[in-house]
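Chains A and B supply the protein sequences, listed in that same order.
For the first sequence, position 101 matches number 102 in my numbering, and the numbering has no gaps at all.
For the second sequence, position 17 matches number 31 in my numbering, and the numbering has no gaps at all.
Don't read these hints as lab results, they were simulated from the structure.
Accuracy of the hints is not assured; some may be wrong.
Unchecked claim - Straight-line distance between alpha carbons at most 20 Å, and here's what the computed EDC-like set of lysine to aspartate or glutamate pairs gives:
hint, chain 1, residue 1, chain 2, residue 2
1, A, 100, B, 93
2, B, 23, B, 52
3, B, 58, A, 43
4, A, 100, B, 70
5, A, 6, B, 52
6, A, 100, B, 86
7, A, 38, B, 52
8, B, 23, A, 85
9, B, 58, A, 25
10, A, 6, B, 73
11, A, 38, B, 87
12, B, 58, A, 2
13, A, 38, A, 16
Claimed, not checked - Derived contacts from chain B toward chain A, CB cut-off under 10 Å, selection only:
hint, residue
14, 51
15, 86
16, 106
17, 113
Just so it is clear, CB atoms sit at the ideal spot from N, CA and C, and this is done for glycine as well.
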Amino acid sequence: DQQVKQNSPSLSVQEGRISILNCDYTNSMFDYFLWYKKYPAEGPTFLISISSIKDKNEDGRFTVFLNKSAKHLSLHIVPSQPGDSAVYFCAAYTGTASKLTFGTGTRLQVTL
Amino acid sequence: NAGVTQTPKFRILKIGQSMTLQCAQDMNHNYMYWYRQDPGMGLKLIYYSVGAGITDKGEVPNGYNVSRSTTEDFPLRLELAAPSQTSVYFCASRPYNSPLHFGNGTRLTVT
Numbered sequence: 002d003q004q005v006k007q008n009s010p011s012l013s014v015q016e017g018r019i020s021i022l023n024c025d026y027t028n029s030m031f032d033y034f035l036w037y038k039k040y041p042a043e044g045p046t047f048l049i050s051i052s053s054i055k056d057k058n059e060d061g062r063f064t065v066f067l068n069k070s071a072k073h074l075s076l077h078i079v080p081s082q083p084g085d086s087a088v089y090f091c092a093a094y095t096g097t098a099s100k101l102t103f104g105t106g107t108r109l110q111v112t113l
Numbered sequence: 015n016a017g018v019t020q021t022p023k024f025r026i027l028k029i030g031q032s033m034t035l036q037c038a039q040d041m042n043h044n045y046m047y048w049y050r051q052d053p054g055m056g057l058k059l060i061y062y063s064v065g066a067g068i069t070d071k072g073e074v075p076n077g078y079n080v081s082r083s084t085t086e087d088f089p090l091r092l093e094l095a096a097p098s099q100t101s102v103y104f105c106a107s108r109p110y111n112s113p114l115h116f117g118n119g120t121r122l123t124v125t
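The shape of chain B in the complex, shown without the other chains (with noise of 0.2 Å):
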């Protein structure tokens, strides 16, 4: 199993470019779940999914936007890149009533 995969690992974008960070997972996991990390700072929810076709804001949806058309992948959109989406974002997943597994994270740059 290759658990939570994202890519890319890295990325530098300019203000107002637009990218699709992609998540995947191969554990059949119904829930999915974007976290940004910010220096510092704790992780912040952005976007959560609980199944294919379901999706909801975290703490921070702003900016970004999220579907869930298979049980597999979560990608998450930036539409207008700005400076202040500089982070580090975890993609995670888990089953029903048990502990996320997170992926090893995209670190964006927005300049």
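In isolation and in its complexed conformation, chain A is listed as follows (with noise of 0.2 Å):
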């Protein structure tokens, strides 16, 4: 049982355009999320995050929007680059407990 969902395992962007990761969820519990980013031969590293109470946070390049109606979140990247060639992992926890779930991730690549 998925609870954290990511439909598009690739997508390639261009240098300069702008990326959209995809991610749904079942668990109407969860109140917070999290996107990780993983390089090749490294741990995932922490991006960007976006509590319930939010529909949208910003960090830079990197935007997070929640639509919890539809039980979805998206990252923009804006503009990509291609250091942002990576998997992205969604993720996400109920605040009362310690466990995360991740999603299957999405392989960005950004050509030139």
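The two chains are supplied separately, each in an independent frame; assemble them into the complex guided by the hints.
Structure, rendered in structure tokens:
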């Protein structure tokens, strides 16, 4: 039972354009969402997060949008850069739990 | 700060062998976790700990054991290795109400 889903295994975007990575979840108890970025042979690194009381959070080129009614969140990267090429994982947990549930990841390739 | 340190980086085991994956963090984080990542899959939680002396099962605990005798260390034990345990294992830690910090992983092959 995949509670956090990333339906696009891969995405290719030209440098300078917008990258949009999507994530859907099924558990309505999730109230905090995170995006992690992973390069080959390294562990995931935290990128940006959003609480369920917000619908948008920005950090430089990265913006996360949350649509609670649709149980959907997205990560926007503008402008995309070659160094953004990595696997991006969406993750979620409830405020009272210690466990983070991850999606299956989307591999982003930013081309020149 | 070294962050989260995992050893070894790579290991090949024969079926039925046992081994311990080591994880240490120097950030004084209470929460520690073990995840595994199979090809094309997300990270699945094996075990976690909310403090020294306290551990609990995650989604996929079968075939593994953990202990947490100190805040710094959270070793993962495989007693009877099986091919299904071929995976990349990530250890992570975090303070309360903050994101996880991950180690760089241990790539394990069981043949």
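Q | Violations among the numbered hints, reported as their numbers in ascending order | A | 1, 8, 11, 15
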